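Participant: Listed here are the chains, written in short residue letters.
Protein chains: 2
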Amino acid sequence: MKFAPLALALLALPAFAAPKPTPALADILAAAPASDWRSIAQDRLLYLETPRGRVLIEMAPDFAPNHVDNIKRLIAAGFFDHVAIVRAQDNFVVQWGVPDADPKPSLGSAKAKLPGEFTRPAKGLAFSPLPDRDAYAPQTGFAAGFPAARDLKTGRAWLVHCYGTVAVARDNAPDTGNGGELYAAIGPARRLDRNLTVVGRVVEGMEYLAVQPRGHGPNGFLKPADVVPLRMRLGSDLPAAEQVSLQALRTDGATFARVADARRHRHDAFYAVAQGGVDVCDLPVPVRPQP
Amino acid sequence: MKFAPLALALLALPAFAAPKPTPALADILAAAPASDWRSIAQDRLLYLETPRGRVLIEMAPDFAPNHVDNIKRLIAAGFFDHVAIVRAQDNFVVQWGVPDADPKPSLGSAKAKLPGEFTRPAKGLAFSPLPDRDAYAPQTGFAAGFPAARDLKTGRAWLVHCYGTVAVARDNAPDTGNGGELYAAIGPARRLDRNLTVVGRVVEGMEYLAVQPRGHGPNGFLKPADVVPLRMRLGSDLPAAEQVSLQALRTDGATFARVADARRHRHDAFYAVAQGGVDVCDLPVPVRPQP
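Residue numbers (my numbering), protein chains in the order written: chain A, 3 to 293; chain B, 3 to 293.
Bear in mind the hints are in silico, worked out from the structure with no lab data behind them.
All values derive from a computational prediction rather than experimental measurement.
Just so you know, not all the hints are guaranteed correct.
Chain copies aren't distinguished; within one or between two, either way the pair holds.
Okay, derived cross-link-like pairs now, SDA-like style, lysine to any residue, Cα gap no bigger than 25 Å in a straight line [claimed, not checked]:
#	residue 1	residue 2
1	Lys155	Phe129
2	Lys106	Asp228
3	Lys155	Pro133
4	Lys115	Asp177
5	Lys155	Arg265
6	Lys22	Asp177
7	Lys115	Gly55
8	Lys22	Ala34
9	Lys155	Ser130
10	Lys115	Pro231
11	Lys106	Phe129
Generate the whole structure from the sequences, applying the supplied hints.
Facilitator: Laid out in structure tokens, this is it:
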């Protein structure tokens, strides 16, 4: 019996040795069960073809059902065969829509204006909170696979603007967007949270928007000669051979919690100091080809 | 006397009317006294010439005196006539140094390795704290004109990785950098804080680094055929006609406090919802030509 304290002391020793390196993202993902991944449905996946490469956008109907529906109607009307990158403001947004100088394409059955879907009820929304401090919201986390925030005092939840967040451009009045002009955040844009309708996020090819040379007109708008023609289609409208089957890591599973924790406490041969925290926008959701 | 309560009620009325819009940045800056601006000295200003345009970097000798000195020695040796963009990792960093395949240029009087200058004593450092929550540090703010953080428990302060922060690439060992290979953050990189030596920040032309097409090798390294030759010089070595005279807004003055507050509480014809907070990396320090 008198050796018990010594045995306990020995057992405790590893706590004083160098801690084990944080597992690498690739190793965490390789160990994930299939059930921690979800497939991205083709009727939620936008294919934005740019001269530099293909950009894929997952839409978020749980947050912006009316705008997602309107975007589908605009696609059905052929509206998005007429759009171009019209704005690239450094460290803020890249935006695409019908250039001002061009004829206005038909909206088909789509609406010309929609009330903003800036926030939604937090009630009824599965929300995986992060423990980390945030400058903009009482609580951040993930919901429906997207970076999000909520305020339990007001009972509202919303998608937040991170790198690759796609949202609806509008004029000053909150009901002047319809999804026909969209932007992707390329820099800090949390000040837009709750002011704009977020409709989704780029899941592949964000770099092709990010490298767009910036515009030097007011707010980064491009000169008419510099706009970059694009085309945007819906996955479920494409022939099977052109569809890209992707899976996103579930943000409510144990694997994503491990990803966040490894980022928060990262220390390894290169990172000597772990931060102890992570920003909701510094946790990109892993995406992979459907196995 | 009995009308006094009514008079008070009338005086209080404006509190219930629509609040005044937050002043625009341009208006706040236009009202700034000359004393709220500081000139950027030419012996702290790096001129990085890229095929896309000129990038100007203000160095931070208050945080990395040895690396700043070593960079000047490397410039004097002509080392930076031989560098190129060698890495562009989307949403993280763009990096420049001597391509692996090239002959190694002379270091002149510069050191080949330097101990990291990852943090410095908080004592003796003028620090303007922000009231906002932060995921990575107990306190953020500005010091010597740069976005920074400090931990009063450990007594250390450091420069943080925001968009445009310039720091010293290294291998795994903390003393393997010398300033001859540098990177600029183009996306969230706070996980590098306290692990890398920050030597400065881009004050003009950051867009010319940000639009660099991304590399698709491991960690975004470019293929040898894709590297982009650059040249980097020091302002005080240039003929007066080539020097660019800039002023930065002092980060310890009343005007910068107003800039931060306008960002934190922005509401105007477009922004209906004010965030009530701002991230240290979402407060770019205004820069203007020397008047």
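Participant: For every hint, state whether the structure bears it out.
Facilitator: Going through the hints against the structure:
1. Lys155 - Phe129: within (15 Å within a copy, 34 Å between copies)
2. Lys106 - Asp228: within (19 Å within a copy, 40 Å between copies)
3. Lys155 - Pro133: Both: 18 Å inside a chain and 21 Å across chains, each within 25 Å.
4. Lys115 - Asp177: The answer is within: 6 Å in one copy meets 25 Å, while 58 Å across copies does not.
5. Lys155 - Arg265: between (29 Å within a copy, 23 Å between copies)
6. Lys22 - Asp177: between (53 Å within a copy, 22 Å between copies)
7. Lys115 - Gly55: Close neither inside one copy (30 Å) nor across copies (40 Å); limit 25 Å.
8. Lys22 - Ala34: Close inside one copy (20 Å), not across copies (52 Å); limit 25 Å.
9. Lys155 - Ser130: Classified as within; 17 Å inside a copy, 31 Å across copies.
10. Lys115 - Pro231: The answer is within: 24 Å in one copy meets 25 Å, while 48 Å across copies does not.
11. Lys106 - Phe129: neither (40 Å within a copy, 53 Å between copies)
In summary, the numbered hints that this structure violates are 7 and 11.
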